[in-house]
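K.L.:
Now for the letters of each chain:
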Amino acid sequence: MNNSSDSSEDKGVVIQVKNTQKETVNDFLKKAMEQGVFDAVLISMKVPAGDSFAYVLLTDKELLKDTFPLPPIMSVQGAKAISSITRRGKGNKKIAAIMRPCEIRATVELTKLGQIDLDNIVLISMDCFGVMPTPSFIKDPEKSLKKFEDAIRIEDDTVMRPVCRICDKSSMVAGDLHIGTRGVQKDAFFIVSNTKKGKDILDKLGLISNKNIDTWLAKVKENAKEKQKKRKQAHKDLQSSIKNLDKFLDTFSHCINCHNCMRACPICCCRVCYFDSDKMKHPSDDYLRIAKSKGSIRFLPDTTIFHIGRMVHMSLSCVSCGSCEDACPMSIPVAQLFSMTADETQGLFDYIAGKSLEEPLPLTTFIKEELSEVEDVHD
Amino acid sequence: MTKVLTINQSVEMGIREFLKFLLDKSKVKGVFTLKKLNKGGDVAYSLITRSDELKDTVPFFPLMPINAGKLLSRFTMNGATSEPVAVVLKPCELRAFIELVKLEQGFLENIMFISATCGGVYPLNMVHDGTIDKNLSQYWTAIKKEEIPPNLRPACKACTEFIPYNTDMTINLVGNKTLDSQCEIFIESKKGEELAKDKDIKKKYSEKESKKKNLDNFRGKREAEKKKIFDEITPKLTGMDGLINIFGKCIGCHGCSKVCPICYCKLCEFESSDSEYGPSHYESELRRRGAVRVPPNTLYYHLGRLSHIAISCVGCGSCEDVCPVDIPLSIIFKKIGESVQHMFEYIPGKSITEKIPLTTFKEKELTEIEK
Amino acid sequence: MKKDDDFMPKILTFLCNWCSYAGADLAGTSRLKYPTSIIPIRVMCSSRVDPLFILKGYLNGADGVLLTGCHPGDCHYQSGNYHTRRRFAVLKKIFENLGLEHERLRLSWISASEGQKYAKITTEFTQKIKELGKNSTGTEIFL
Ligand code: SF4
Ligand code: SF4
Ligand code: SF4
Ligand code: SF4
Ligand code: SF4
Ligand code: SF4
Ligand code: FES
Chain A
-6 MNNSSDSSED
4 KGVVIQVKNT
14 QKETVNDFLK
24 KAMEQGVFDA
34 VLISMKVPAG
44 DSFAYVLLTD
54 KELLKDTFPL
64 PPIMSVQGAK
74 AISSITRRGK
84 GNKKIAAIMR
94 PCEIRATVEL
104 TKLGQIDLDN
114 IVLISMDCFG
124 VMPTPSFIKD
134 PEKSLKKFED
144 AIRIEDDTVM
154 RPVCRICDKS
164 SMVAGDLHIG
174 TRGVQKDAFF
184 IVSNTKKGKD
194 ILDKLGLISN
204 KNIDTWLAKV
214 KENAKEKQKK
224 RKQAHKDLQS
234 SIKNLDKFLD
244 TFSHCINCHN
254 CMRACPICCC
264 RVCYFDSDKM
274 KHPSDDYLRI
284 AKSKGSIRFL
294 PDTTIFHIGR
304 MVHMSLSCVS
314 CGSCEDACPM
324 SIPVAQLFSM
334 TADETQGLFD
344 YIAGKSLEEP
354 LPLTTFIKEE
364 LSEVEDVHD
Chain B
41 MTKVLTINQS
51 VEMGIREFLK
61 FLLDKSKVKG
71 VFTLKKLNKG
81 GDVAYSLITR
91 SDELKDTVPF
101 FPLMPINAGK
111 LLSRFTMNGA
121 TSEPVAVVLK
131 PCELRAFIEL
141 VKLEQGFLEN
151 IMFISATCGG
161 VYPLNMVHDG
171 TIDKNLSQYW
181 TAIKKEEIPP
191 NLRPACKACT
201 EFIPYNTDMT
211 INLVGNKTLD
221 SQCEIFIESK
231 KGEELAKDKD
241 IKKKYSEKES
251 KKKNLDNFRG
261 KREAEKKKIF
271 DEITPKLTGM
281 DGLINIFGKC
291 IGCHGCSKVC
301 PICYCKLCEF
311 ESSDSEYGPS
321 HYESELRRRG
331 AVRVPPNTLY
341 YHLGRLSHIA
351 ISCVGCGSCE
361 DVCPVDIPLS
371 IIFKKIGESV
381 QHMFEYIPGK
391 SITEKIPLTT
401 FKEKELTEIE
411 K
Chain C
494 MKKDDDFMPK
504 ILTFLCNWCS
514 YAGADLAGTS
524 RLKYPTSIIP
534 IRVMCSSRVD
544 PLFILKGYLN
554 GADGVLLTGC
564 HPGDCHYQSG
574 NYHTRRRFAV
584 LKKIFENLGL
594 EHERLRLSWI
604 SASEGQKYAK
614 ITTEFTQKIK
624 ELGKNSTGTE
634 IFL
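Residue numbers (our numbering), protein chains in the order written: chain A, -6 to 372; chain B, 41 to 411; chain C, 494 to 636.
Don't read these hints as lab results, they were simulated from the structure. Glycine residues also receive a C-beta, built at the ideal position from the N, C-alpha and C atoms. Heads up, a few of these hints could be off.
Claimed, not checked - Label-pair ranges, simulated between beta-carbon atoms: (1) C:632 to B:395: 39 to 47 Å; (2) A:59 to C:617: 38 to 46 Å; (3) C:523 to B:321: 35 to 43 Å; (4) C:566 to B:279: 35 to 43 Å; (5) A:274 to C:525: 51 to 59 Å.
To be verified - Keeping only pairs whose Cα atoms sit at most 27 Å apart, straight-line, the calculated DSSO-like set for lysine-lysine is: (6) B:237 to B:251; (7) C:613 to B:404; (8) B:69 to A:285; (9) A:23 to A:58.
With the rest of the complex left out, here is chain A:
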């Protein structure tokens, strides 16, 4: 199965880079806005204090020069931003959203979950080299940004988040257009369309997909293969460190039940999370009774049910984006654990979260002849 890149085309557009790649991408967007292809752009920007980045939806083209298509951190998962814009309806503006592949994939999942309306959105992804952990970045934003830029230049992923270091889908094309920079000469990048919507946009801009993209495809494949190997190993190591419930609990023993991880997760989109609801609130005597049966209980006794329950709810759609881990005040490797589980549960259905809009969510469908191995055999 090829899960690294899946562009429907094998040809692309080559764009020559003027000055920096960032500027050229911004120029491209500006031109598209001027020609009325997009009315608005959703893209990352430095916040005024300069110590972090945030998504902005902009119609003022002049602001494009200050944007950061691939910021050094993922302060908010982009799918959450798109959901915020379209959850109450798609509106009249044609919006281009520029994000990392895992953000686009989460967007695809949220669309299938009814939280996003993509009708007026064009999803543009870019080859991703990872992001730094937000908590460490903000300790010294200036130095961190420099570190990030250096790391990108020499393709060194050691400063990136653990889930980014083992991400095998960092060039996956799930949106409408993709900007490929891997395996391309320094002064150019590819734009590849993946959908009819994407192709129409290139057409409108007078860009013709006639350039060979083999060097990109080859590099993407090579990178994915290498990362897959690392991923398998990392998951094996992690698995052996949590092989029984006690060990699993130990991993979460710092957990203070703040549920930041759930709220930062793009997939967890419930207005009131089950694990914050009244269902989890018991009469005092019940708590006492449980305590008596064990001699002592942790209070709240919700840690395990929350994490395993959350996995049950959303691991089939987990895109390994790392947002949960970034938001955890106790530095628990939440994303590493969730993405490991996700690989397993998605594997059951040959499903890759966010890869395709057409493929239904595994738990919303079924095949009559399947999974017989999980049933009891009576005979």
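Chain A is already provided as a structure; the job is to place chains B and C with the ligands on it using the hints.
P.N.:
What follows is chains B and C with the ligands alone, placed relative to chain A:
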């Protein structure tokens, strides 16, 4: 003069043995306190019913994994316990619980409060980097000398409400030079006195009358520290530009309200559909501003939350502890909180009968507000 | 903040149905002059105005927010306006302490018979806001 039970053991051992006594003699059916979970040094609140489980408890460990007031609200929100439970908690946690009871989010019945003069706690991020244990001996040395230990959370360094209100029993930690040899439990309430009269207690513990330590000196140090911390933040926390700079990096996780004991709403206003922008709202924002942050409402959330809870903020520091991007929330909320509390001479959680100012009024007041 | 003679501020005005709205109405029917800056919102009682409404108006670029209600003792729901007064005082204190322009927020009691007062207060407040200039929050991106 206050009645005191004396146990001739260190405070750490003494309190554990006292709690064990309470459980063994069925004076209480449960004990709610901090407990070490594993060798990793994790500490969490636990509800303990069997006395051998008390050996790993660390009632006065300088850490607040979650505000215990919030936990007690979870424990009693669906009705008071029918059996007595002893709870060991910090002064701000107890104040938070009192506020929550006033907000009808919990019940006081059948709970025996044991608290202590509080030396402050360390930030939560010192848990995973494992540096708390290394700081402990330094902590207790400073506390004995009535000093503020280094590395504490800013909220604690600036806390002037370190003497608990509404307790049944208090242990003096701050400035107590005999921490390692003697555990003195001050009886502070009727409930406490009832218990002290119990014949099992009388048999076991010697009782005397004693004066509580004057802690004005320590209060002075905390006041000075608070002034310093407030003075530092004031120029940054000024005007729209200042606020945008401080809150700009907020990722909108709302962890700060989730752990805040005072924010008890089932569905926070700022997570409700009322706070979402529909497409026409986005469009009008874009017309006016040319660009809009997505998701929106960063300052609306923080200023709105201030307007909701500043009046009851107990300055416990939990909000800041969970903020993944280190926004100095506890100081902001404490500073603004104190300024609005001051208008009504209100100290949150000080008295159970005094109403929360925003739930009551006086006919003749604040006339200068209207013009 | 630029001063601009042509600047006509937008003042979000909450009017309690029983007194202040009637007061405003009276000002109108008596053909008193009052400024066009007022954007009126009728509420059943001043206490219906959650401080968040004021905050939201301010953050959305209202140049001023005026909250009006019955005089103390006259609230048609007995004590609504006493609560309003405390809430307003708290919000204003928060603004003051954060160095935000609390002068842009105002609370006034206007009875049904005080058409004059309504005209006077709206004129005065509009003048005051003109001096303060436009509320810059209306164009900030990173709120
Ligand atoms: S569980 Fe974590 S890694 Fe997975 S989608 Fe949610 S935030 Fe991303
Ligand atoms: S854990 Fe489950 S209930 Fe909670 S937000 Fe996620 S999907 Fe929803
Ligand atoms: S963010 Fe971390 S501490 Fe908070 S609930 Fe999730 S795992 Fe636990
Ligand atoms: S706002 Fe912060 S400091 Fe105040 S009570 Fe809530 S958590 Fe504690
Ligand atoms: S911010 Fe307001 S609405 Fe939200 S939980 Fe706190 S008190 Fe409730
Ligand atoms: S915890 Fe920090 S990042 Fe999260 S909402 Fe609060 S201030 Fe923002
Ligand atoms: S009815 Fe006018 S203020 Fe309450």
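K.L.:
Hint by hint, note whether the structure agrees.
P.N.:
Comparing the hints with the structure gives:
no.	hint	verdict
1	C:632 to B:395: 39 to 47 Å	holds, 41 Å
2	A:59 to C:617: 38 to 46 Å	holds, 41 Å
3	C:523 to B:321: 35 to 43 Å	holds, 37 Å
4	C:566 to B:279: 35 to 43 Å	holds, 38 Å
5	A:274 to C:525: 51 to 59 Å	holds, 56 Å
6	B:237 to B:251	holds, 20 Å
7	C:613 to B:404	holds, 25 Å
8	B:69 to A:285	holds, 9 Å
9	A:23 to A:58	holds, 9 Å
Every hint, counting from the list given before, is met by this structure.
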